[in-house]
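Could you slot chains Z, W and B with the ligands onto chain F? The hints should help.
Chains as they are written, first to last, in our numbering: chain F, 1 to 324; chain Z, 1001 to 1483; chain W, 2001 to 2421; chain B, 3001 to 3372.
Treat the hints with care, as some may be off.
As the list claims (entries may be wrong) - Covered stretches of chain W, as calculated for chain Z (at least 3 residues, CB under 8 Å): (1) 2236 to 2244; (2) 2252 to 2259.
As the list claims (entries may be wrong) - If we take Cβ atoms under 7 Å as the criterion, some of the chain B residues that face chain W in the derived model are: (3) V3138; (4) Q3316; (5) E3320.
I should point out that these hints are in silico values taken from the structure, not numbers from a laboratory. Since the structure is predicted, the reported quantities are computational estimates derived from the model, not experimental observations. Using N, Cα and C, we set each Cβ at its ideal position, and we do this for glycine too.
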Amino acid sequence: GGNSSDAGSGSDGDKAAIAYDIGGRGDQSFNDAAYAGLAKAEKDLDIQGSEAEPSDGEGDADKVQRLTELARSGNNPVIGVGFAYAPAIKKVAPKFPKTTFGIIDDASVTGENIANIVFNEEQGSYLAGVAAAKVSKSKTVGFIGGVETPLIKKFEAGFVQGVKDTDASVNVLPQYLTQPPDFGGFSKPDLGKAAAQGQLDKKADVIYSAAGLAGSGAIEAVSKAGKWNIGVDSDQYQQKGLAPYKASILTSVTKDIEDAVFNLIKSVKDGKPETGEIRYGLDKNGVALSMSNPAFADMKDVIAAVDKAKQEIIDGKITVKTAP
Amino acid sequence: MHALVGENGAGKSTLMKILYGMQKPDEGTIAINGEQVSFSNPGDAIERGIGMVHQHFMLADNFTVLENVVLGGEKLYGIGSGARKKIKEISDAYGLGIRPDALVEDLGVADRQRVEILKVLYRGARILILDEPTAVLVPQEVDALFANLRELKAEGLTVIFISHKLGEVLSVADDITVIRRGTTVGTADPASTTTKQLAELMVGSELPSPETRESTVTDVPMLRVQDLKLTVTDPDGTVRDVLAGIDFTIHQGEVLGIAGVEGNGQTELIEALMGMRDPDAGVITLGTDDISHAPTRKRRESGIGYIPEDRHRHGVLLNAPLWENRILGHVTEKPNSRGWLLDNKAARTDTERIVREYDVRTPGIDVTAASLSGGNQQKLIVGREMSHAPKFLIAAHPTRGVDVGAQAQIWDQIREARREGLAVLLISADLDELIGLSDTLRVMYRGRLVADADPATITPEELGSAMTGAATGHLEGSEDEAR
Amino acid sequence: MSTSKTTAARPAPQKGNGRRKLTLPVVLLIVAGGLALISLVRLISGAEDITSVGQVAGALELAVPIGLAGLGGLWAERAGVINIGLEGMMILGTWFGAWAGFQWGPWMGVLFGILGGCIGGLLHAVITVTFGVNHIVSGVAINILAVGVTRYLSNFAFDGIQGGSSKQSPRIDPIDKITIPGLSDWLADLQQHHWFLISDIAGIIGGLITGLSLLTVVALLLIPATWWILWRTPFGLRLRSCGESPVAAETLGVNVYKYKYIAVTVSGGLAGLGGAFLAIVATGIYQEGQTGGRGYIGLAAMIFGNWMPGGMALGAGLFGFTDSLKLRGGAENVHAMLLLLAILLVIAVFWQLYKKKYVSAAVAAVVSALLFTWYFLTDQVPSQFVDAAPYVTTLLVLSLSAQRLRMPKANGVPYRKGEGK
Amino acid sequence: MKKFDKDRLILGFAGPVLALVVALALTTVVLLASGQNPFEPYRIMFDSASYADVQVLIINQAGTYYLAALAVAVGFRMNLFNIGVDGQYRLAAMMAALVGASVELPGPLHIALIVIVAMLVGAFWSGIAGFLKTTRGVSEVVSTIMLNSIATALVAWLILPKNFGEQPAGSNNLTTGEIAESGWFPGLPMADGAGEIYGFTFVAAGCGVLYWFALNRTRFGFDLRATGASESAAQASGVDAKKMVLTSMLISGAVAGLAGMPTLLGDTHTYSLDFPTGIGFTGITIALLGRNNPLGIALSALLIAFLDKSSASLDQYGYEKEIATIMQGLIVISVVVSYELVRRYGIRRQQQKVGEELAAGHALTTEKEAAL
Ligand SMILES: Nc1ncnc2c1ncn2[C@@H]1O[C@H](COP(=O)(O)OP(=O)(O)OP(=O)(O)O)[C@@H](O)[C@H]1O
Ligand SMILES: Nc1ncnc2c1ncn2[C@@H]1O[C@H](COP(=O)(O)OP(=O)(O)OP(=O)(O)O)[C@@H](O)[C@H]1O
Ligand SMILES: [Mg+2]
Ligand SMILES: [Mg+2]
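Okay, chain F solo, but in the shape it has when bound (with noise of 0.2 Å):
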């Protein structure tokens, strides 16, 4: 017995440690992109690491759980994946001053320890909005977001902008699958598949679709139809369950988690550990326009256009709402 569940071994090797949002690893978005950030870290930096998953409908108390028996156990960092663990991390944080907390899309909770790494969606969107406007003949793009949270309507927010800079004519039609917390928009593919095809109706030939698993329904209705996707989160051209599809994928707005992690890990590991906020914006490549697809690379124009877009905003000559 003992009175914690987490009075575990001390720190022997280096060791560092993830918590997942609901869905946990295998959701081929988020939470897989933190993964490998995890399993990227094992491989380079020698470190042990750890995952835990969280169950449905739990509150915060499991969070705190699940995050001190994470820091007992001596890992350091310990990543909380979505800003769900933001009340969590904010309790536990102060119990452990030598371990590192890092949170993934929440820069309202702060302290010394803790490692707030925050994205610039709506940067990358704007690039998604540029592209799409150039790319459309019909002058109507198409916008899917998964659920209506603020961080889908921060996609939704940048991806209007863009498009409208580059075109006021263009239209863009906005629809949402479910509201939260019904986080059925993320994993119900025919939701995707119906709205893309009541977009494709309506003229849309470009339709960027911010709705994690559910999004592959948008994007074989799409690529059906023989108009472009705009994939998000990972190369969506790059994924192997979308391959049929590939062609019709122009680009995807990254978001390099993958690489947030890795680097909040070396930075413990290297002994100057990340605090505050950490912000990965157009500028890092932290949120960035994937060229993979030859067909996207080859379209020169739009390319120039997205490249000077981008630079704008890294000038801060263009500044992107982050709300519609």
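Using the frame of chain F, we list chains Z, W and B with the ligands on its own:
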């Protein structure tokens, strides 16, 4: 035609269920035409030419007659026009008057009974088992039924039938077997036996009669019903009158009996009196209070006792212990509760008293009502209702399915309460009971009280014919002026 | 007191069909009226999408899984077994469908999806029929078990396989789709003209025959097939008798256990087919959580449809239609629906006035007025409310339509052989 | 009579215990079949549950489950199937958090206000289903399923920053704002940082007592049970069935509203997008497992909470966490099957006894002796 008699719980139904393959005997043999058989399910029995009409209707209400009849026997004539033709044929041959496409729930009891018989004939049964087929029929219907049965007998069919009405047993049976506590205690020859002897054979005691000895009627009105009307809206939107202006008064110490074929509004009348249905027009006055639209609970609190016609639906909670059933319907009254709280202890003590005083046969008050036999459940209900000193009692078929011994007890209790000023509305299909117990008789037909009669002079046959609507007004002009 | 037309409390109806029966012309008239109304709303609101080919096709695809689950519920409940485990059986269907589908092709997937559902149904039958356990408990347990089992198995079956993970299967090859070449295009064209009524009819028919998956055809055929089997065959008669009065059935030699087993297993199979449809046709992939409560919606559709195949299909269609509306530019479409609802309520006001139900009429009038105001003061409905549209619609339809639902009489009642009175 | 009771007690315990053993055996088979160590997961789970902090988690979670299950049980007792506890719970927690965050009152008053708002909102939401059932005959199964989804939409709209919610700076979450400390329900701290048991957990336990008392010791409870046992008999006994449906639906919703309080008042102090969901559905399982009996529900809630929490760390040891879900399903099935078998056995015994004593003919004397 072989009759089987015996008191409640003697094992008649059980025996028949065994014959029909629904239950398995522990030991013993069954032989048909000299050939030994054993059935594992009713299907086997049907194949052997046995057909059974159960004590309780075995019909699916939401099915048509046709569907009910062909069910299980689809191979015989299909389920379509062939079957329809066959049903019409049988129906015509025996004058059953059955329409194959009517929904069973729209049929009255007598029609249902005939559907049951048709079901059996449809399968070509040679041995017919009828478990209390006459319990819910009026005399004319009983006669019609027996006429049908005689015809069948003439064709060489064997009929086994069970009845508590010893008179009819003697009149139609060729042979009688009496059973008690699961064993045969004797046989009787209908030609040389009287009902009295038969009853004594059954229970070892005398056959009680429901006769009321002296009149206790006062001129203080207890319940007055004026021009009561009730309509219902059918699923198809048509509006029907089920009570079309009912008028009557029951005085203290008076038993008003209402005769009528089931389905002529008696149930609705009771429900309107109990507050389970809200009448569309009319006034109900209890004592001096207008209770026309009072909620059921208030009516019960102000002294209406209720012995329901369907005890399982309206009288008891089958899966609750006896002492909780004692609380049912009187939860707001002493000794069951004090203020908002239940008084379980007092209720239990009082249950024990009822069990004792009303001779409820049970090992204790913690057994569920379901484990009691129907008669004992009925005694519990009577005991419960009488324990709250009702001013007015609704007694619907108070002795239905109750054996002769228990019947006598229940009659006694009603008489006793009446002597103390209780007003009783008695509804019963048992015309002897109705005539014997009532001070005044009324006949209900199609939602109206169409006739009245003096129980002292009327015969069951006359009453029966009025029940079919054949006679109206004051029946059998005798010297006593009808009230 | 009138001397006339009082009938007995239980009058024998004079004709066999004394009950409410809508005749074909009446039904057609109602349908035509509804269509005209929708068309009118489309013209006024400019929401051209509400009867477009794509909308109807989308509605169909969204309705099929719900309808199959509902059909499953119908089979079980007609035999007297409440099936709240449809969701779990559907989950089994998605998983097994995808598992077999990605390895051996979509039709094998369909087969295995059905089998997976059947396993769930069989388990439900064992628990409820043989052991006589409360049907709801059993269903809830099966839902839990299905979630656990499929998630557990995914770790072994999909993880590490190309394109799969512990949450999803690899992609499954699609099932052939049929489109009647000339006709579909012509109808789509016709619809594009946005003419009153004609375009709407073209859109609806077009939606029903364009890009139709063969499995959708199968699913659609299952509705009349179910009706035929349950209402026109001896087998169906026996099965239904188990839901109406098992004791009566028993006395006629029907093996009630057998029919209940068959019904509940078929029920599971149908729900499983619904799951397989989701995985194979609707999405081409198994995805953890992809059923997302459709089993429950199917159950609701069945109750909505009064335990009848046609009614159930109507309910599922309503869900599919509103779901599709909301997903295809909901803000505008649902806005148009406000107008439709308001007009319908005006009709309801007149109907209630005619029936002299003044309170109902007043309520309907007030609500209608509010809707008109809402419609004219706004251009869109907030996306959050758009999401609620299918559910609000169902509630409204259910509470406005007169309640004549009748479930099988012995539904949910435990039955034991030889215990009938 | 004493003997009946002792039998009942033995039977009552034998059933579930046997069922648990069967469920464990079946789970072991699953583990074996998938080539995993069949015993190690149990050891990990029990180990994990032997730590104080996990125990606190289990108790807190059980408190929430308990309230949700009571809400379901109130309906079940009347044969009303309130699938909508989840929606009622979420909407109530959200509105209560909104109100709680927008006012400042002295401690107990503040808490009381929040709790009352939660109960009222929960009751209002379930009341819609109750109203539709009593006035329009809409099946509560359908309407509560619909209302769950409508609640989702409503909460999503209300919590938008442009309406009543807020988005904390730097956060991607939406919340209702934090409730001031006067509105926090004090908890019971455990030694050595094992966390604290939410104070509201004790309120939950109190609700269980109240539930038992109301149901078994009051007139209202008798009417409610009677209606559940036989609606027709209850109606004949003077119960206004419609009123009863509405009342029990309202009570059920009010209790469902309470289910969010342990978390809200004891932990988060705000409602946000990641507030726990699905509690109502777990509540259905627990109510059924506990046979709508307050003590049974308590044990079931603890059991399910135990399985939830103690299995949380399985994946860190290389086992699939889903094994706990499978175990839950199997436990529910085997427990209810064994209840049923035991019940049948009990009924047979009872009938035999009744039969025997009647046959022996001394039922009456026995009764009289017992009464004396
Ligand atoms: N398997 C059994 N073994 C022994 N007794 C049994 C069994 N099943 C039922 N009983 C007894 O049978 C009785 C059930 O009564 P039932 O309703 O069948 O009686 P009944 O003959 O119809 O009597 P009544 O005429 O009073 O209605 C109870 O007393 C019950 O204890
Ligand atoms: N399986 C059984 N084993 C032992 N006793 C039983 C069994 N089933 C019923 N009984 C008892 O057998 C008795 C006979 O019941 P049955 O229904 O046959 O009576 P009955 O003669 O038809 O009475 P009634 O006139 O009320 O119809 C009942 O009292 C019941 O206690
Ligand atoms: Mg009998
Ligand atoms: Mg009996």
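Consistency of the hints with the structure:
1. 2236 to 2244: holds (count 5)
2. 2252 to 2259: holds (count 4)
3. V3138: 5 Å, holds
4. Q3316: 15 Å, violated
5. E3320: 5 Å, holds
Taken one by one, the earlier hints fail for this structure only at number 4.
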